[in-house]
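Chemist: Position 79 of the first sequence, counting from 1, maps to 79 under our numbering, and the rest follow consecutively.
No lab work stands behind these hints: they were computed from the structure.
Glycine is no exception: its CB is placed at the ideal position from the N, C-alpha and C atoms.
Please note: incorrect hints may appear among the correct ones.
[Stated by the list, open to error] Derived EDC-like pairs: lysine to aspartate or glutamate, alpha-carbon spacing no greater than 16 Å straight-line:
hint	residue 1	residue 2
1	K95	D133
2	K85	D133
3	K138	D90
4	K7	D109
5	K43	D90
6	K98	E55
7	K107	D133
8	K107	E25
9	K42	E25
[To be verified] Ranges of calculated distance between the beta carbons of each label pair, as one might list FRET restraints:
hint	residue 1	residue 2	range
10	P110	E75	31 to 37 Å
11	E55	D83	22 to 28 Å
12	T99	R78	31 to 37 Å
13	G53	G141	28 to 34 Å
14	K107	A30	37 to 43 Å
15	D83	M1	41 to 47 Å
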Amino acid sequence: MTTWLLKTEPDDYSYTDLIRDKRTEWDGVANPAAQKHMRDIKKGDEAFIYHTGAERAIAGIAKVVRGAYEDPAHEGVRTAAGDVKFTLFDVAPGKAAKTPGTLAEIKADPAFKDFDLVRQSRLSVMPVPPKLDAKLRKMAGL
DNA sequence: GCCAACGTTGGC
DNA sequence: GCCAACGTTGGC
């Protein structure tokens, strides 16, 4: 069981949209580093949904209802290492955050100093180490 | 609105 | 295969 963090621009797709849809394919990720992480996403994993843009806060947590599978839009494309290059996974809403776990709050805690969200601001899919997972849940009231 | 950090593209 | 130019993301 791994916990992930998924970034989204709420104007494009927000946690509220996920609640409305009840389930969605997490697509639109082209970045190779993010795709590398996505291949490891399994059914039963959980994922914080983080809103970028003006919000910069955790909006809620989602459940992975279908683990990584090949994106039919890019079928047959492989990486140099022979992995499926483009995968998708499906998520369903979990709980909405009671309190926003803001980026400012995250940055204020030295434990997050090496976290990808802080270190590599452009990465859109990243694993959350267990210690940070617990802290984030506390911050967001999840 | 700006710009740093990073990815991608295309000419060589 | 390198790298300069260009495009994009996301925090500020």
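Chemist: Now look at each hint and say whether the structure bears it out.
Modeler: Hints and how they fare:
no.	hint	result
1	K95 - D133	holds (15 Å)
2	K85 - D133	violated (27 Å)
3	K138 - D90	violated (25 Å)
4	K7 - D109	violated (20 Å)
5	K43 - D90	holds (9 Å)
6	K98 - E55	holds (15 Å)
7	K107 - D133	holds (15 Å)
8	K107 - E25	violated (30 Å)
9	K42 - E25	holds (14 Å)
10	P110 - E75: 31 to 37 Å	violated (44 Å)
11	E55 - D83: 22 to 28 Å	violated (33 Å)
12	T99 - R78: 31 to 37 Å	violated (43 Å)
13	G53 - G141: 28 to 34 Å	violated (22 Å)
14	K107 - A30: 37 to 43 Å	violated (27 Å)
15	D83 - M1: 41 to 47 Å	violated (22 Å)
In the structure shown, a violation is registered for the earlier hints numbered 2, 3, 4, 8, 10, 11, 12, 13, 14 and 15, in ascending order.
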